[in-house]
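Throw the hints in and build the complete structure from the sequences for me.
Line by line, the protein sequences give chains A and B. Take the first sequence: its position 63, counted from the start at 1, is 62 in numbering that gives the first Met the number 0, and no numbers get skipped. Take the second sequence: its position 155, counted from the start at 1, is 154 in numbering that gives the first Met the number 0, and no numbers get skipped.
FYI, nobody ran anything at the bench for these hints, they're computed from the structure. You may find that some hints are simply not true.
[What the hints assert, rightly or not] Here are a few chain A residues that sit away from chain B, every Cβ distance over 10 Å (derived from the structure):
no.: 1; residue: HIS25
no.: 2; residue: GLU27
no.: 3; residue: MET65
no.: 4; residue: CYS123
no.: 5; residue: SER139
no.: 6; residue: ARG152
no.: 7; residue: ASN229
[Unchecked claim] Examples of chain B residues lying across from chain A (beta carbon under 8 Å, computed):
no.: 8; residue: ASN56
no.: 9; residue: MET167
no.: 10; residue: ALA171
no.: 11; residue: GLU174
no.: 12; residue: ASN175
no.: 13; residue: LEU181
For glycine and all other residues, C-beta sits at the position ideal for the given N, C-alpha and C.
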Amino acid sequence: MLEVRDSHVYIRQTYVLKGISLEVRHGEIVALIGANGAGKTTTLSTISGLTRASRGSIQFRPDKDMPQRDITKVPAEEIVNMGISQCPEGRQVFSDLSVWENLLIGAYLRKDKKAVQSDLKWVCGLFPILRERSRQSAGSLSGGEQMMLAIGRALMSSPRLLLLDEPSLGLAPQLVELIFEMLEQINAKGTTILLVEQNARMALELAQRAYVMETGNITLSGTGKELAENEEVRRAYLGAN
Amino acid sequence: MGSYLAEQLLNGLILGSMYALIAIGFSMIYGIIRLINFAHGDIVMIGAFVTLGLVMNGKISFMVIVVLVLLAGALMGILIERVAFRPMRGAPQVTGFITSLAISILLQNLGILLLTAQPRNFFIPDYLQVFLHIGPVSLRTIDLAIIVTAIVFMTLLVFLVKYTRLGMAMRATAENLNVARLMGININRIIMLTFAIGSGLAGVAGMMWGGKYGQIDPLLGFVPGLKAFVAAVIGGVGSITGAMMGGYLLGFAEVLFVGLLPPIYSSYRDAFVFTTLILILLVLPTGFFGKKTEGEA
Chain A
0 MLEVRDSHVY IRQTYVLKGI SLEVRHGEIV ALIGANGAGK TTTLSTISGL
50 TRASRGSIQF RPDKDMPQRD ITKVPAEEIV NMGISQCPEG RQVFSDLSVW
100 ENLLIGAYLR KDKKAVQSDL KWVCGLFPIL RERSRQSAGS LSGGEQMMLA
150 IGRALMSSPR LLLLDEPSLG LAPQLVELIF EMLEQINAKG TTILLVEQNA
200 RMALELAQRA YVMETGNITL SGTGKELAEN EEVRRAYLGA N
Chain B
0 MGSYLAEQLL NGLILGSMYA LIAIGFSMIY GIIRLINFAH GDIVMIGAFV
50 TLGLVMNGKI SFMVIVVLVL LAGALMGILI ERVAFRPMRG APQVTGFITS
100 LAISILLQNL GILLLTAQPR NFFIPDYLQV FLHIGPVSLR TIDLAIIVTA
150 IVFMTLLVFL VKYTRLGMAM RATAENLNVA RLMGININRI IMLTFAIGSG
200 LAGVAGMMWG GKYGQIDPLL GFVPGLKAFV AAVIGGVGSI TGAMMGGYLL
250 GFAEVLFVGL LPPIYSSYRD AFVFTTLILI LLVLPTGFFG KKTEGEA
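Below you can see the structure in the form of structure tokens.
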């Protein structure tokens, strides 16, 4: 579905991605783990079009029976229309907008009013608190609620591929638990997920496959289970001795 | 005395209407790309001259002229954004600020070159010069027109920003450019529209300015530009409601200083106005409707 090939990215003269390649297949949950500053977020924003790679290519095929397209140079505001939606790091909900408006703006480009309504229903089913707080400003929500809103907003564009940046960041463990359960439900409904996480334990548990990033390179890859059992990964990211 | 006070309040309302219209654009433009646009006042000047040109060159009805001036201001705003500010996008804030000063000086000097610095008499149709007596106050129809037109435009703007899809996109873009792009919002188009709306309103304010004071010259934009800046800061820069409130507050403050203080102080009115600004900012550093977390440049 998504193929990143040898992507090199500079941000203000800093060499952030040093030629990474990764692949996401239809229906998968793929995790990207690694320490702070490894380039995980840059990888996501390169895919979503916010950051431009200086070298390499990104190919995307929304559905199995659709043609593959080169999205390397497509700007962010068009990529979302092609079926990739990014839920940015640190939630970044529009705090001046109401909860409801945040959800609606997720569907900004969509013309199919009926489908938007049914997606609204679905998202509010996943996160009932959003309906309860629909008239409140998003800035008044708690951290966990904002996370749910950010995921809901990203889902409102009806993406084939959801890019999630650190959904566990700063949240209480039970809340992380709940959000990961929701991710499973979202995936079960047919949305492919590429998940960036520092919480490697939970990410590897959830994901079918995973990549490990270190200072701008992908150093390891394998199934979630393989990586969870890998000595290096255990030592570096899972806190084992 | 009662009627004197009423007259002064009315003057404050008229002045405030114009300040508010100008301050809105100033605030919107700052809100969306964090640009202190010092060329904004010069759009007021352009609006005034376009009005004069249209009035002198034919029998176009004044209603139509309002719309044409709005469009002229909007086009000017779009042009300036495209030519001067878009290439500076992402540069440090001070770069944009200096660019706007340059544009302001450029527009003023172009005005002097093309139109001479000689003040010109501004014409308004006779029916806008009729004196009305309402209760204790007397005013010209143009004064009434200024007040009503300002309210109409502000109401339309608030409706647009609060209740339409475009307004929602504008608010989202003002809050976070990158995330707005992730939603599929074409931020270049939204920024252009913000300039168009803000500058259009400034153009209309220029028309009012000419009508109110009767004379215009290519440098007239400086004072309203500065006052609108103050009004926007009082209201909390970036907030449309704040800009409106700041505009009216400033209008009232200015007129009351002049009207209520002994006449020998009246030439210090701007000193009083700016002292008020300092006092307000001491108590409310981000203005009345400003956000607390406006840290980054």
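Checked hints:
1. HIS25: Holds, because the least Cβ-Cβ distance between HIS25/A and chain B comes to about 22 Å, which exceeds 10 Å.
2. GLU27: The assertion about GLU27/A holds, with a minimum of 22 Å to chain B.
3. MET65: 19 Å, holds
4. CYS123: 19 Å, holds
5. SER139: 13 Å, holds
6. ARG152: Since the minimum Cβ distance to chain B is about 8 Å, ARG152/A lies within 10 Å and the statement is violated.
7. ASN229: 33 Å, holds
8. ASN56: 42 Å, violated
9. MET167: 6 Å, holds
10. ALA171: Cβ of ALA171/B sits 5 Å from chain A, so the hint holds.
11. GLU174: 5 Å, holds
12. ASN175: 6 Å, holds
13. LEU181: This interface hint holds because 5 Å falls under the 8 Å limit.
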